[in-house]
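Sequence order for the protein chains is A and B.
Just so you know, the first sequence maps onto residues 1 to 331 in our numbering.
Just so you know, the second sequence maps onto residues 1 to 669 in our numbering.
Hints were generated in silico from the structure; no laboratory data involved.
In this text, a Cβ means the ideal position worked out from N, Cα and C, and glycines have one as well.
One or more hints might be untrue.
[Stated by the list, open to error] Where chain B lies over chain A, by a calculated footprint (3+ residues, C-beta under 8 Å):
#1 20 to 27
#2 68 to 76
#3 88 to 95
#4 298 to 306
[To be verified] Calculated pairs, DSBU-like style, for lysine-lysine (alpha carbon to alpha carbon, straight line, at most 30 Å):
#5 Lys362(B) x Lys279(B)
#6 Lys281(B) x Lys330(B)
#7 Lys94(B) x Lys298(B)
#8 Lys298(B) x Lys308(B)
#9 Lys123(B) x Lys203(B)
#10 Lys94(A) x Lys298(B)
#11 Lys298(B) x Lys330(B)
#12 Lys232(B) x Lys279(B)
#13 Lys153(B) x Lys94(A)
#14 Lys330(B) x Lys308(B)
#15 Lys94(A) x Lys205(B)
#16 Lys94(A) x Lys344(B)
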Amino acid sequence: MGLLSYIVRKTGIYLLTFFVAVTLNWAIPRLMPGDPIGVLLSRFATLPESSEVVYSYFMRSFGFDRPLWEQYLDFWRALFNGDLGVSIYMYPQKVEDIVLQALPYDLVLIVPAVVVSWIIGNWLGAVAATSRRLDNLLMPLFYFLTSSPYFWMAIVLAWLLTVVFPLFPSSGAYSPGMVPSLSTAFIIDFIKHWTLPFLSLLLVMLGGWAIGMRNLIIYELESNYSRYMEALGAGRRLILSYAFRNAMLPQITGLALQIGLAVAGAITTEIVFSYPGLGFLMLQAIQNQDYFLMQGAFLVIVVMVLVANFVIDLIYAAIDPRIRSAYAGEA
Amino acid sequence: MKIPARCREKGATLLPILFLLLTIAFSSATAVAQELPREETIYVGGGLWAPPSNFNPLVPWAATTGIVGLVYEPLFLYNPLNNTYIPWLAVEGKWLDDRTFEIVLRDGLVWQDGLPLTAEDVKFTFEYAKQHSGIYYSGIWDRLERIDVVDSKTLRFVFSNPNYPEWSYFLYTIYIIPKHIWENIDNPLEIANENPIGSGMYKVKSYDQNQIVYEFNEDWWGKSVFGTPGPKYKVYLRVASNNVALAMIVRGDLDWSNFFLPGVPQLVKEYSFLKTWYKEKPYHLSANVALLFLNNQKYPLNMSEFRKAIAYAINVDEIVNRVYEGTVLKSNAVGFLPIPSWQKFYAADLVEQKGFTYDPDKARQILDQLGFRDVDGDGFRETPDGMRLKLTIIVPFGWTDWMESIRIIAENLQAVGLNVEAKFPDFSKYWDDVTKGYFDMAINNFNSFVSPTPWTMYNWLFLPEAPPVGENSWNGNFGRYFNERIQQLLQEVESTPMDDESTLRQLYREIQSIFLDDLPYIPLWYNGFWFQANTLHWTGWPSEDNPYGVPVTWPGNWQLGGILTLLNLKPVAKETPRPTTTTVEKPVTTTVTKEVVETKTITTTKGGTVTTSVITQTSTQVLTTTVEKPVTQVTTVTVEKGPSTALMAGIAIVVIIIALAVGLAVRKK
């Protein structure tokens, strides 16, 4: 019962967030100066008379000749029918197809990066918290990592590992001339291209987790229950294992927050490495004033972040009895 | 370390599952692997900026490069270098009288699906635009009365009031589509046409976000006439930036580049296997005129004297030498490209008499006379009534050569006392400002391409007739210049047959005269048909010595020579790999001598009739590829073999990370 009201309340908040975010995303591109159809046709070197007929045709076909509020209502109507519209920049591909093609590239970057950095980061942080010498050594490194912007880390890695030591390719998801397949040659090529963007995400995220974990453990070790256990003569290992469990909770909340940041980081990283995920797509959509592609890519990102947060809220409720009881008390 | 057991197990199960899911999700969208043999494959770049997504010949501006030209074909190709139409689907085209144009199709034309291509298809292609007014050539129906099919190979286009220059342009820019496929399509402009079936020598084999692969159409009708193109496969790559393209062409990852590469003079000197059109400056053929558009609706740019002062103040030579390193040519004062079809109407004496040259003193003098003087002593001139004057000049952000150019122009204008600022808005903002008339000065060249007649440029410069500021000026006359006499003259040009050159000369002469008097826009330089070829894998490129066509692969430009280039290319015979243990490293010269029997079909536009003559010539071409630096070649080989180390390192890192994470999670107390 308690859990139910918690879920209902969370769902409400997420739906509201979704509505506001999607509306903003619909509105902001349309407030930008410029004219997407004009941009589309600017590549069209032909007689001006031809431009005119084609221009008015496409204004009608995309519905830009109608009042804004009608366009907005249509947008929601289409959205509920699962129709994200037609891309202007990659005309006439459907936005959902383009986004679905790009999405796997994001998932293979973000998910492993978040998971691996979370595990390694927490472990390193916990290690640092237990040893003063290691702490002095690792902390500056963590702070350095966590305060690097994603794109900066990406550029540094790109410079270091493609220019100074040319070990990895600098752009794309696989070599030109390669055809995607399950052959070993392709998989190896793919991993080579994947490594650098993955590493830049991993390294930046790692620092944050490690710092968080280290501080939390130190805090927990100073708390009353640890002192009490210590006074009772419990072993350091035992105390640490309790401290770790308590320190995990905020780290899971952190994970929820981090997913949003990771997506943002992935966008800039993808741009640096021309990695064909959603971030790279969004950049091109913005450059070409492709309203529909921008909306679509952003929508998917919003949904991804919200769903991830929601799942983590659920996990949180499951592992922290206090949440459950708080909502139960309210009900 | 002590991690509570529960946590560990979670991590341990989660991770592999995730990886598995991702692998499956990723591989589901993949196709069968196929490596293309290098000696049959050509790698091309420079005309693919967005992922291939459109294969529709009716929207050629959105269609991926090669769709129109290689898959769908025009009636004629056009070689601007000698102003000739090359019979392609049509063998002949001529005006029977002032209003009737007859086209005779070639024998044995077939579509890629095996059905014959007949006069009905050609008729359909045109009439389709009557049903669907969004098709770019639908405007022709204002002037075209009907199309008569005489027999399966012959058609007559009967015009009510023909626009001769427009027709001369449409002859090589309208792509014939198969009736049996398109007659069943209701929304032809809104489809991607993923399985394009044309009549062309290439078919689309595959594509993904970064490339499109074309494969030779074994059943191409032209095999018996034109032979087989050298490359069986043509991979068109989407290259992220010019710098990447530069590295790729030097390494040989790209055989044919139509990128604007900075530093071409040094490149050609350093790598003898790189080829450009001219061996010396300007290296490139001229493709179009870049003009400085001035807003003729805005004070003080609405005064022709003021515009002339600007023209006198700009040092185009500095732009050509500093920004382009001499790889482009400075324009003449009327913007007439150095191609025969335009030059025959060039009024050299008028340009001599009324044209402008770089002369800052003259500019200062004009401005002084107009009353623009620096009254408040800030170093910049004020208007005659003492108001401050500030002008901006815009080009899109990221177009680095243009950005540098307008910096120089701004400096030039500041030097004569005009407060001019160079600004770089994003392309969409730039385009909005330019087409709606919210700008002072802007550079543009989008529709001044080489063509059979200077009318195409004038049509762009002076039409539409100056819409009000804020309304879309479609695709031309951005500065909203209006001159009634010019409109009249252009109409006369349109209704004058192309062979009536003396009348046309008079008309163009008067237009040039008015242009020089009013100087609405300032022609600056000719942008090039950027072209660099790597001769390590393919030879037979066109050049100044062998000008059979313009080697351009930009969308919609293949018929200017790109198609012919593919037909002329020959693979370089593979050498047996030299042992790397050779101690003496000498320049290695590979000489390939070939007897080339060329069947050149030359068509000249004369007397409004497109006459065709077929010349067969046998020539012996000695293609010499000198690789002066065998070292470079050896390194290339190392780079190609290199991946093994890089790859090992990559895998090692990934494996270590994963192993660390997994191992850590699984480890028990």
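Right, here's what the structure says about each hint:
{"no.": "1", "hint": "20 to 27", "result": "violated (count 0)"}
{"no.": "2", "hint": "68 to 76", "result": "violated (count 0)"}
{"no.": "3", "hint": "88 to 95", "result": "holds (count 5)"}
{"no.": "4", "hint": "298 to 306", "result": "violated (count 0)"}
{"no.": "5", "hint": "Lys362(B) x Lys279(B)", "result": "37 Å, violated"}
{"no.": "6", "hint": "Lys281(B) x Lys330(B)", "result": "12 Å, holds"}
{"no.": "7", "hint": "Lys94(B) x Lys298(B)", "result": "46 Å, violated"}
{"no.": "8", "hint": "Lys298(B) x Lys308(B)", "result": "15 Å, holds"}
{"no.": "9", "hint": "Lys123(B) x Lys203(B)", "result": "24 Å, holds"}
{"no.": "10", "hint": "Lys94(A) x Lys298(B)", "result": "42 Å, violated"}
{"no.": "11", "hint": "Lys298(B) x Lys330(B)", "result": "27 Å, holds"}
{"no.": "12", "hint": "Lys232(B) x Lys279(B)", "result": "29 Å, holds"}
{"no.": "13", "hint": "Lys153(B) x Lys94(A)", "result": "40 Å, violated"}
{"no.": "14", "hint": "Lys330(B) x Lys308(B)", "result": "17 Å, holds"}
{"no.": "15", "hint": "Lys94(A) x Lys205(B)", "result": "22 Å, holds"}
{"no.": "16", "hint": "Lys94(A) x Lys344(B)", "result": "48 Å, violated"}
Checked against the numbered hints given earlier, the structure breaks hints 1, 2, 4, 5, 7, 10, 13, 16 and satisfies all the rest.
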